[in-house]
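Novice: Sequence:
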Amino acid sequence: MSEAAQVRAALAAAADPVDAAQSQRFFKTGPGEYGEGDVFLGVRVPATRAVVRRFTDLPVDEIEILLDSVVHEERLAGLLILVARFDRASKPRTLDEDVRAEVVRRYRAAVHRGRVDNWDLVDSSAEYILGRWLLDRPRDELFDLAAAESLWHRRVALLSTFAFIKSGDATTTFALCERLLDDRRDLIQKAVGWMLREVGKRVDRTLLTDFLDRYAPAMGRTALSYATEHLDSATRAAYRAAR
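Those letters in the sequence shown? Residues 1 to 243, by this note's numbering.
Hints in this document: simulated from the structure, not taken from any laboratory. On a predicted model such as this, the values are computed, not experimentally measured, just so you know.
Label pairs and their calculated CB-CB ranges:
1. T56 x D210: 39 to 45 Å
2. R93 x D16: 36 to 42 Å
3. P17 x P138: 43 to 49 Å
4. D210 x R105: 33 to 39 Å
5. R25 x D140: 37 to 43 Å
6. D61 x T235: 51 to 57 Å
All C-beta atoms, glycine included, are put in the ideal place defined by N, C-alpha and C.
All chains, please: the whole structure from these sequences, using the hints.
Specialist: Okay, structure coming up:
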């Protein structure tokens, strides 16, 4: 049995058909929905992470097999293994720039061939691989992703900036949010608002309110609601009334 097949077997052993049916609904897999056609085993995230911890040394070609799976939890497992590989290769005692670069190359390829194709897959990987890689590098590729029509490419761009926010830098987040204000798709609205909220919480509240002073009238209701969640009720009401 190949190592990828061993991961698949371990996930299948943790599957629950009731959870699978619930996930099909929760992740909008019906016709015309954002997750149309996605297939779920019914493995909860903690169980998936437990499986991943057993296979963090999986060869990269075996990881690719998981990333190209039609099964959601198998793609998630492949992404989480990449995250673990990148994290280990980024630590001072185990620093390995070649491994880091290889993980990023594989991740980019998976994004561009449409394998990072639901919000949980994006949110569990973009910040931790692409975002951390670009902390001290040019970030042009995020603007290229944000210019794509793909919902998932745009969310990868936005969520990658969470790594920058955690390092105290809001510049790229603001630039991308400004460009994506007109995208009224719910998962982009939520991502825009979420990243703006985190700027206010983790970087500087004044930076957030300055952005809102300028852009609140043009923002969608969902993005504005998320962005203002942690502000006091009067300030929150004033921004929401500006629409």
